[in-house]
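Enquirer: Here's the letter readout for the chains.
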Amino acid sequence: MLLSAKNDWLANIRGDILAGIVVALALVPEAIAFSIIAGVDPKVGLYASFAIAVIIAITGGRAGMISAATAATALLMVTLVKDYGLQYLLVATILAGVLQILAGYLNLHKFMSFVSKSVMTGFLNALAILIFMAQLPELINVTWHVYALTTMGLGIIYLFPYVPKIGQLLPSPLVNIIVLTLIVYYMGIDVRTIGDMGELPDTLPVFLWPDVPLNFETLSIIFPYSISIAIVGLLESLMTANVIDELTDTESDKKRECKGQGIANIGSGLIGGMAGCAMIGQSIINVKSGGRGRLSTMTAGVLLLILVVFLSDILSIVPMAALVAVMIMVSIGTFNWTSIKELKTNPKSASSVMIATVIVVVWTHNLAFGVFTGILIGALFMAQRLSQFMYVESYYDEDGDTRSYNVVGQIFFNSSDKFISFFDFKEAVEKVVIDVHRAHFWDITAVAALDKVVIKLRREGADVIIIGLNEASETLLDKFAVHDKPEQIEKIMGGH
Amino acid sequence: MTVSQQGVILAGIDGSDLGDAVVEHAIWISQNTQLPVTFLHTIEHSHHSEHPHHEGNLTPNIKEHLLDELSEEDHQKSKQLIAEGKVILEQAKLKAEQAGLKNSIAKQRHGTLPEALVDLENEVLMVVLGAKGEDHNGDNKGLGSQLEESIRAIHKPVFIIKQAFSEPKKLMLAYNGSPTSRKALDMIKQGTFCNQSLEIHVVSVQKNLDDAQALITDVSDVLAGSNIKVTAKAIAGEAINELTQYQQQNDIDVTAMGAFSHGQLHGFFFGSFTTRMLLESTTNFLLIR
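The listed protein sequences derive, respectively, from chains L and Z. In terms of the working numbering, the first sequence has 379 at position 363, counting the first letter as 1, and numbering is strictly consecutive. In terms of the working numbering, the second sequence has 246 at position 92, counting the first letter as 1, and numbering is strictly consecutive.
Honestly, the hints are just simulated from the structure, not real lab data. All of these numbers come straight from a predicted model, not from anything done at the bench. Wrong hints could be hidden among the right ones.
Stated by the list, open to error - In silico lysine-lysine, DSSO-like type, Cα no more than 30 angstroms apart, as pairs: (1) L:22 <-> Z:343; (2) Z:231 <-> L:22; (3) L:181 <-> Z:231; (4) Z:361 <-> Z:316.
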């Protein structure tokens, strides 16, 4: 344990510090942009990003992942800030942290297995769209200068890396900020700057308990926000952890990540910062820049604070156009472009889950609602498909005037009507044999369907015999668990 | 040596200075126990990219591109490490063959040595490891960074190599009455370490001589009735000093002792007795878990 802790911190010192610097430079504009989305002063997002990055470096379960103020969580705070003000946001942030710690202890990270690839793609595409949409206020009803600057910024971001030598030395989003700021400053162009957006930090953050009455009314105001923030924060953090696991071919501790996110948010709320979570774009930038260990996240957080506290005067003259260019880049990088191409080739069910997730998120501005919708639709499709794994053979034995039904496959709420439809109730026979030993009854709907069939047949005057009910209803018990038991799985796959 | 249970002697090897000594000791143990030897080489992935990009921007489908790039880099690196390991393993197998061992096996696994040991623990009866890996080549003092973790990872005897191979003649058991040293004593009683040429010393060091003597009496009681003959000695004093002194005065080649009976946290704060013994002795070690 101690050894692996040492490895997490010190195995890649040079790579981590360099990557941390790259990340810190990109974190500054993002933190400011997300503050603007939430409707708070830039310093709220900057303090948050510092606190979250530094704390998660220690408490997180995924080394090398970057967490800070994010768009996903900022979007959830808008109405809270507008209606009740910053202090309520701070206490909601702390409560979200508490809920996340609780989620960690309750092992809720295991529910991530319900989030399919289609839902995850939908989540990221929706996030990209929302980040882009959040830039629109800066691009509507402005002079042509803003469009020119933004276009130029994007040009620098994507083309500067191709400049020989220095292209690989300086992060291009930073070059974009420096160049646009110099142009605006020396040419005296009158466009909005970061300084116009609210207060920047000029001191180190201080520990403060939010100034709100601690009563039930406060709780009832903040709780809906806190639970949304907690869920969305964990969703994005765990998804990002999966992405980093995949990129670096290593494992993360998801339970520790949940608790770590909680502690980070509590820390953020206590120094006047907003809630945040893991950032998918920044985490990828970190890995791309060679960051693998906890030191990269720590470096990013500490450097971010140093940068903003000492450079707040310079920061305030950075044109918003430069920031918008960075955020459009984040949006483009977050969107899964191949998913558009795959709409044609992927199964329709997968595409509709992805699109439904996107639509619900963009509509509600709450990524959690989109994810739940995606999971639900995905589950319905899955139930629909499983229903196909059922058929009933029947044959008639003239000697005994007996009709035999041989049921094979999975019978549950969605396939029980289909199950009933296989029986011919109009046929007048002496005896009916229903052999269910190769069938599986998964729920009480399935059992009720069988009862219904038996009663109907008896009413038509047949004597009904059921064979193999014990085997078929084994799956009914909640404690029925097939995991790690190949022979049980074999039974279900191949019939008894 | 005779060992009743079935299993293999697992020798963890890499390109370190001690690699040859590990192979030769493993062969010697295999010859004496009639147990097959398995040579193990682990391929450790750092997953640190050699070519990081610092342009700091997010391009379309960056995740997919980055994954392709990093996995290609890892693929090449892994292939190279596997090839290097294969050479080391071939040499070890050749040595074993020359020594008359026909049934030695070579294994390569991804991951760290402790991980591999945990995975293979069930088929293993004894592990042979160098005190230092190839990362410490040229470094005369000190222990390998993974040694403690490797020893702690499994509950099988671990033979730690600090010296070039010469056939072990004298084994010293450092006996303090702890459950693990008791286990070592039982192994002696069962004849696990005995071949005709191995002379066994049991040394007990306590703060006062009476305690030490009492432990030696225990040893005699345990061994009474067996035909194992040992030289037993009780010493008063500080354990590490006295034991290392005894090693030198009596030309001990192998020190047997219980290892890491305390947790890692205890070791972190108080320093581990096992680690200090390993550092301050020049003999090879047989650690019992």
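Enquirer: All hints, please: hold or fail.
Expert: Now for the hints, and whether the structure bears them out:
no. : hint            : verdict
1   : L:22 <-> Z:343  : violated (41 angstroms)
2   : Z:231 <-> L:22  : holds (24 angstroms)
3   : L:181 <-> Z:231 : holds (26 angstroms)
4   : Z:361 <-> Z:316 : holds (28 angstroms)
Hint check: a violation occurs at hint 1 only; the rest are consistent with the structure.
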